[in-house]
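Assemble the whole structure, with the sequences as input and the hints as a guide.
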Amino acid sequence: MGRTNPTYRDALRTIEERWTDFRRALRRRDQPRFDQLFEYAREHADASGLLNHQNPLLPALISIDLEQEARLDEHEDRLAELENALNEADDRQQHSEAGTTEDGLY
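Position one of the sequence shown corresponds to residue 1 (UniProt numbering), numbered consecutively onward.
Each hint should be verified, as a subset may be incorrect.
Here are the computed distance ranges between Cβ atoms for each label pair [as the list claims (entries may be wrong)]:
hint: 1; residue 1: Ala89; residue 2: His53; range: 48 to 56 Å
hint: 2; residue 1: Pro32; residue 2: Leu86; range: 28 to 36 Å
hint: 3; residue 1: Gln93; residue 2: Leu61; range: 27 to 35 Å
hint: 4; residue 1: Ile62; residue 2: Arg33; range: 13 to 21 Å
hint: 5; residue 1: Leu79; residue 2: Asp21; range: 47 to 55 Å
hint: 6; residue 1: Ala85; residue 2: Arg24; range: 41 to 49 Å
hint: 7; residue 1: Thr4; residue 2: Asp30; range: 54 to 62 Å
hint: 8; residue 1: Gln36; residue 2: Glu76; range: 44 to 52 Å
hint: 9; residue 1: Gln54; residue 2: Glu81; range: 42 to 50 Å
hint: 10; residue 1: Arg24; residue 2: His75; range: 25 to 33 Å
hint: 11; residue 1: Ala89; residue 2: Arg27; range: 20 to 28 Å
hint: 12; residue 1: Arg24; residue 2: Gln93; range: 51 to 59 Å
hint: 13; residue 1: Ile62; residue 2: Arg13; range: 13 to 21 Å
hint: 14; residue 1: Ala89; residue 2: Leu57; range: 41 to 49 Å
Honestly, the hints are just simulated from the structure, not real lab data. Ideal Cβ positions, reconstructed from N, Cα and C, are used throughout, including at glycine.
Here it is as structure tokens:
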């Protein structure tokens with residue numbers, strides 16, 4: 001006996017096909033971003049398939065949100081690293097300037 005319900009991956013593929021005209025109408029610079037959204041949804045297809053939601057677009061949107069949250073976390077971590085490095089460089093510069101002033105070289 002075959003499956004009576006399509007798999008989640010099949011449903012996601014169908015959704016993506018329905019959005020083909022929209023994708024085509026996007027500016028070229030936005031088309032890869034649009035494709036990336038469906039890639040995010042495919043990365044969580046196993047969990048979405050287990051949910052077996054009546055509307056397969058909803059788990060796809062949650063999957064996209066999860067991936068966007070992960071990207072935001074990565075960017076926030078990177079920003080914190082850069083801010084710390086910048087603060088340390090400023091501190092070193094201030095200490096070296098203070099040392100130069102104390103030596104009477106200014």
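We went through each hint and held it up to the structure:
| no. | hint | in the structure |
| --- | --- | --- |
| 1 | Ala89 <-> His53: 48 to 56 Å | holds (50 Å) |
| 2 | Pro32 <-> Leu86: 28 to 36 Å | holds (31 Å) |
| 3 | Gln93 <-> Leu61: 27 to 35 Å | violated (47 Å) |
| 4 | Ile62 <-> Arg33: 13 to 21 Å | holds (18 Å) |
| 5 | Leu79 <-> Asp21: 47 to 55 Å | violated (38 Å) |
| 6 | Ala85 <-> Arg24: 41 to 49 Å | holds (43 Å) |
| 7 | Thr4 <-> Asp30: 54 to 62 Å | violated (37 Å) |
| 8 | Gln36 <-> Glu76: 44 to 52 Å | violated (20 Å) |
| 9 | Gln54 <-> Glu81: 42 to 50 Å | holds (43 Å) |
| 10 | Arg24 <-> His75: 25 to 33 Å | holds (30 Å) |
| 11 | Ala89 <-> Arg27: 20 to 28 Å | violated (39 Å) |
| 12 | Arg24 <-> Gln93: 51 to 59 Å | holds (53 Å) |
| 13 | Ile62 <-> Arg13: 13 to 21 Å | holds (18 Å) |
| 14 | Ala89 <-> Leu57: 41 to 49 Å | holds (47 Å) |
Of the numbered hints given earlier, the model fails hints 3, 5, 7, 8, 11; all others are met.
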